[in-house]
Amino acid sequence: MAANTSPWLHRYAVLTAAATFCLLIAGALVTSHDAGLAVPDWPLSYGQLMPPMVGNIFWEHGHRMVATFVGLLTIGLAVWLARREPRRWVRRLGWAALGAVVLQGVLGGLTVLFLLPRPVSIAHASIAQLFFCFTVTLALVTGSGWLEERPRRAQSSSPSLRRLAALATAAVYVQLILGAAFRHQATGIIPHLLGAAVVTLMVFWAWRRVRREHADEPALRRPTNFAVGLLLVQLLLGGGAYWARVATASAPQPQLVMVALTVAHVAVGALVLASCLALTLQAYRRLAPAEPQPSLVSEEATS
Amino acid sequence: MNTMTKRTLLTVTALFLLAVLAGCRGEEPAAPTTPAQPAAQPAAAVDPATAATIVGKVSFADGKPARPPIRMEADAACKAMHTTPQLSEEVVLNDNGTLRWATVYVKDGLAGKTFPPSSQMIHLDQKGCIYQPHVVGVVANQEIHIANSDQTTHNIHPVPKINREWNESQPPGAGALVKVFAREEMAIPVKCNIHPWMRSYVHVFSHPFFSVTGAEGTFEIKGLPPGDYTLAVWHEKYGTVEQKVTVAAKETKTVDFSVGPKAGGDD
Chain A
1 MAANTSPWLH RYAVLTAAAT FCLLIAGALV TSHDAGLAVP DWPLSYGQLM PPMVGNIFWE
61 HGHRMVATFV GLLTIGLAVW LARREPRRWV RRLGWAALGA VVLQGVLGGL TVLFLLPRPV
121 SIAHASIAQL FFCFTVTLAL VTGSGWLEER PRRAQSSSPS LRRLAALATA AVYVQLILGA
181 AFRHQATGII PHLLGAAVVT LMVFWAWRRV RREHADEPAL RRPTNFAVGL LLVQLLLGGG
241 AYWARVATAS APQPQLVMVA LTVAHVAVGA LVLASCLALT LQAYRRLAPA EPQPSLVSEE
301 ATS
Chain H
1 MNTMTKRTLL TVTALFLLAV LAGCRGEEPA APTTPAQPAA QPAAAVDPAT AATIVGKVSF
61 ADGKPARPPI RMEADAACKA MHTTPQLSEE VVLNDNGTLR WATVYVKDGL AGKTFPPSSQ
121 MIHLDQKGCI YQPHVVGVVA NQEIHIANSD QTTHNIHPVP KINREWNESQ PPGAGALVKV
181 FAREEMAIPV KCNIHPWMRS YVHVFSHPFF SVTGAEGTFE IKGLPPGDYT LAVWHEKYGT
241 VEQKVTVAAK ETKTVDFSVG PKAGGDD
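Going down the list, the sequences are from chains A and H. Residue 5 in my numbering sits at position 5 of the first sequence, and the numbers go up by one each step. Residue 194 in my numbering sits at position 194 of the second sequence, and the numbers go up by one each step.
For reference, chain A alone in the conformation it holds in the complex (with noise of 0.2 Å):
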């Protein structure tokens, strides 16, 4: 069906990604900096809306000034989606991204209340990325490239990229999680190596079958070349975030290095999600459902 989503409304949708983005990147500044519980009330801060912002202070309001933003963004993307859009899957993801932000507020505050349990700082980190994954969603379908009617194309290899490119971005959401494990201290460093390696697999696995079969079609190319050059990206500065925690185990506060490859390899995390998240999406958009394999079985013989 086609759709005549307003382009104001796609442009107020990729605000609400890239100010998601920042998000993430405030909230990995609390945690490299451990600045956790440097407000130890909430929803105020020392019993104020504006604190004095000093030390750790001014990362995690910051924080939660951020959030507020970005709150008040994803309450006027689902009202105008219910008002405007026509697609009620749309207009649901809306309220679903509304529901998932107001959740997260609830996680940061028991973070907040009940010390840093690390399930709920785990849970907290990782509603984060699926809230950006509605952010990022709301952002693309919007858009006059995804809105364009285009015949599908077919598809023929198995698995089918449809398959291969979900499986790819549930790859990559599990290992963020294994991530934000490891950074809590509920696991070492082990099972997120794994799944590095695992997303490395799937992703160069969905990148080949695009450029074999479909180079040509841009909405499949361009994600999947995101997702590989920031995959590179994230495996090297994966590894430098991890020396520079181990190199600076001893200092006395987190060293700007260390805070920087950290806060780097969460937020490139991020958006290699996106891009497999993309990839994924303009499959389903673009390429028909795959061929069904012929039948080992002869039909003659079961009649």
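Please keep in mind that the hints were generated in silico from the structure rather than gathered at the bench. All clues stand as given, with none of them false.
Here are some of the chain H residues that sit facing chain A, going by a computed Cβ distance under 7 Å:
| no. | residue |
| --- | --- |
| 1 | Asp75 |
| 2 | Pro196 |
| 3 | Trp197 |
Quick reminder that beta carbons are idealized off the backbone N, C-alpha and C, glycines included.
Given chain A, work out where chain H should sit, using these hints.
Showing chain H alone in chain A's frame:
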């Protein structure tokens, strides 16, 4: 989907499950060494006529450890309190080659003996955006008075594994916080979430036989009943080193320790 592809996807799924299961087994950090204490017996006061004393020093085993500087730019009030950069207190080597902030304590040998709770108040101050002292020892339920002598807000956050965790802010001019730790526990880190370089350690003992080394690297444990003991020294970077000691009635025994990366320790 052909057989090769199915096998590949199954392999990938298995790898991921392996990664998740490896994470679920977890790598819980090793619990700090805590002196083993049997069930309490009725209190028996130490006879001063037979009480012994252990004295000694804690030397650093190898070289001259670095003391990284602390950056306080994040809070102008903290930076303004110092004309020279403050240095990390993780490893403080005294001029005579001994270690400061090492904790010597009786780890074993007090089975069956209990001791009256101490009414002495222990003070922990936040001064110059540094915890002073860096290491304190208390008896379980002994009061710790935590003061803020700075013109900036601090946020005191001990992170125990056995005792109750808490996190409270303390603005400038606020009265002292009075806290106790009810259970025996070694090396409770105390941090300030606003100033990430601030760190101290609290040891909670079931007895009063412990001593933290100062600027001379020496320790003194008085009033000890005669007997056989395991004496231990704890350092936040180099872990724990133990020695067996036997003290006779009214004896003053000298026991020295050597601590460092080569002398090793439990951690």
